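Undergrad: Given next are the chains, with one letter for each unit.
2 protein chains.
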Amino acid sequence: MGFINRVITNTLPLVPKGVIRHFSRKYIAGEALEDAAREMESLKLAGFMATLDVLGEDVTRAEETERAVDEYLAALQLIAKRGLPANISIKPTQLGLKVDLDLCHKNFSRLCEEAQKHQNFVRLDMEDSSCTSETLDLYFRLRETFGDRVGVVIQAYLRRTHLDLDRLIDAKANVRLCKGIYIEPPALAFRDGSIVNRSYTHLLERLLRGGCYVGIATHDDKLVYEAEHLIRQLSLEPDQYEFQMLLGVQRQLRDVILSNGHRLRVYIPYGRDWYAYSTRRLKENPTLVSHILKAMFRKDE
Amino acid sequence: MGFINRVITNTLPLVPKGVIRHFSRKYIAGEALEDAAREMESLKLAGFMATLDVLGEDVTRAEETERAVDEYLAALQLIAKRGLPANISIKPTQLGLKVDLDLCHKNFSRLCEEAQKHQNFVRLDMEDSSCTSETLDLYFRLRETFGDRVGVVIQAYLRRTHLDLDRLIDAKANVRLCKGIYIEPPALAFRDGSIVNRSYTHLLERLLRGGCYVGIATHDDKLVYEAEHLIRQLSLEPDQYEFQMLLGVQRQLRDVILSNGHRLRVYIPYGRDWYAYSTRRLKENPTLVSHILKAMFRKDE
Chain R
17 MGFINRVITN TLPLVPKGVI RHFSRKYIAG EALEDAAREM ESLKLAGFMA
67 TLDVLGEDVT RAEETERAVD EYLAALQLIA KRGLPANISI KPTQLGLKVD
117 LDLCHKNFSR LCEEAQKHQN FVRLDMEDSS CTSETLDLYF RLRETFGDRV
167 GVVIQAYLRR THLDLDRLID AKANVRLCKG IYIEPPALAF RDGSIVNRSY
217 THLLERLLRG GCYVGIATHD DKLVYEAEHL IRQLSLEPDQ YEFQMLLGVQ
267 RQLRDVILSN GHRLRVYIPY GRDWYAYSTR RLKENPTLVS HILKAMFRKD
317 E
Chain G
17 MGFINRVITN TLPLVPKGVI RHFSRKYIAG EALEDAAREM ESLKLAGFMA
67 TLDVLGEDVT RAEETERAVD EYLAALQLIA KRGLPANISI KPTQLGLKVD
117 LDLCHKNFSR LCEEAQKHQN FVRLDMEDSS CTSETLDLYF RLRETFGDRV
167 GVVIQAYLRR THLDLDRLID AKANVRLCKG IYIEPPALAF RDGSIVNRSY
217 THLLERLLRG GCYVGIATHD DKLVYEAEHL IRQLSLEPDQ YEFQMLLGVQ
267 RQLRDVILSN GHRLRVYIPY GRDWYAYSTR RLKENPTLVS HILKAMFRKD
317 E
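From first to last, the protein sequence lines are chains R and G. Residue numbering for the first sequence follows the working numbering, beginning at 17 and increasing consecutively. Residue numbering for the second sequence follows the working numbering, beginning at 17 and increasing consecutively.
Where hints are given, some of them may not hold.
Identical chains blur together in the list; that is why a pair holds if it fits in one copy or across any two.
[Unchecked claim] Calculated lysine to aspartate or glutamate pairs in the DMTMM-like style (CA-CA distance at most 25 angstroms, straight line):
1) K299 <-> D237
2) K42 <-> D74
3) K97 <-> D271
4) K60 <-> D116
5) K188 <-> E221
6) K188 <-> E130
7) K60 <-> E130
Read the hints as simulated data drawn from the structure, not as lab findings. Predicted model, so just to flag it, every value in this text is computed and none were measured.
Please model the entire structure based on the sequences and the hints provided.
TA: Structure representation (structure tokens):
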């Protein structure tokens, strides 16, 4: 995997943006909120819940965070107006985590207030390991005011996560558990897929036994199996957890989970800043990248 | 792996000793006790403990065991004099296991007496399966006199090990648990890596639950994960076990383990008889052997 990852990391910048956009279409609802709304409506009809992600991250100027807040406010209002089973997920760096922590907290507070008005919910996404401590601190700070209207994400590939779990369980936090997708140094993150899966299963068991509401975010059939096993073992009701999957990924597994009586929330990215999200998703999926490279060569013929 | 192992086993005897020595430098402290002392000092500064192994094995004459005893006596005295956090590990065939069991017991007794004088510790290494029963018997015999000043090694790849565990746990033995590195017939040892790993994890759990002090000897990230999980689950204190790794192997993982608050002992081989140890280590590492072969071809050009 190390080698393939290097090839992909070195190759992706050479791929024309138009090609990446073409292959990303499946994973992104569109550029406008209305595109995301259409996606949510059709998912609702099929029995799924949703969470909206306005694409964008690593903001470096305070003014840019303003625009992101406005877009998320519009999303919360649309969700409320149309009565959609959806909430929002936000990358803290998009609201200024790396610019000014107090500004970031203020931005999140505005969105949490709006969510509170509509009995809705705001999730702080988790980004690379340079953000982990600040994001968790921000979550606990927001929690003091907004309680269960706010949630956070932890990543099974990080070695530190089992330590972070203690205070999350103490607080009965609403936690999304994912494997983690950023490229991290081996001192911080497990690289071996089977260790990440063991870690995911152990963390999930601790969270569920600890009485936390968990967003079980995975596309891995093996982890879905382990999760269903734990849910049965602990006799949980379907409203004590939810499965979560990204738009456009593993649709068949998505349907199976729903038909097994679980709730499933689809993560819907939309907006103009689709490039960073798309390349990260592509790096996760070497098969897709090889399709892209083949498509490029065909174009050149 | 079977094929690669065969290639390597057949190729290594053709590799000039100078080449093997070059590639083994990383894994062996040097020829003299003073080389090992330097290694121990720098490991101590970095926060690691050590165990010394005077290279040599399969001794066929009684006089040769005398020389090995003298070298180990010198090692114990140097460790005591310099206040190093180190003990010694000895291959029983080096002290005459295959020559004369009573001689071997007498040799070990001399070293254990010296160790006792300095509140130190002697570990009987485990060799191939032709030595297992005699080594365990020897250990229990020495234990009658020297108690916890003496320890032994068990190998997870041997099918018999889970049976040997009963009396080791009864005695609350100090046990190093490793996978096993010798080439053994399938009737005696598991060949499949995932079975060896399951066996390792199960044996480790039994030992820790049984209250044994375990030297968790592994370079496998997966087993380190399982060990850390067990340690947390059983709420063990860092002085109830130790991790162990060979000199020159997986340094990054070594640092991670230390920074996670565990103790780690590095196994330091030194001495003139470096060939058998080096070829065994090389057989374990096919990538390294392919580097060696490439280096040889370059030399021939």
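Undergrad: Could you place K42 and D74 in one of the four classes (within, between, both, neither) given a Cα distance threshold of 25 angstroms?
TA: within (24 angstroms within a copy, 42 angstroms between copies)
Undergrad: Is it within, between, both, or neither for K299 and D237, if the alpha carbons may be no more than 25 angstroms apart?
TA: Both, since 20 angstroms and 24 angstroms are each at most 25 angstroms.
Undergrad: Is it within a copy, between copies, both, or neither that the alpha carbon of K188 lies no farther than 25 angstroms from that of E130?
TA: within (23 angstroms within a copy, 56 angstroms between copies)
Undergrad: Up to 25 angstroms between alpha-carbons, please classify K97 paired with D271: within, between, both or neither.
TA: neither (27 angstroms within a copy, 54 angstroms between copies)
Undergrad: Go through the copies and call it for K60 and E130: within, between, both or neither, with a Cα cutoff of 25 angstroms.
TA: within (22 angstroms within a copy, 57 angstroms between copies)
Undergrad: At most 25 angstroms between alpha carbons: which applies to K60 and D116, within, between, both or neither?
TA: neither (37 angstroms within a copy, 42 angstroms between copies)
Undergrad: Could you place K188 and E221 in one of the four classes (within, between, both, neither) given a Cα distance threshold of 25 angstroms?
TA: within (14 angstroms within a copy, 30 angstroms between copies)
The structure fails hints 3, 4 (numbered hints given earlier, in ascending order).
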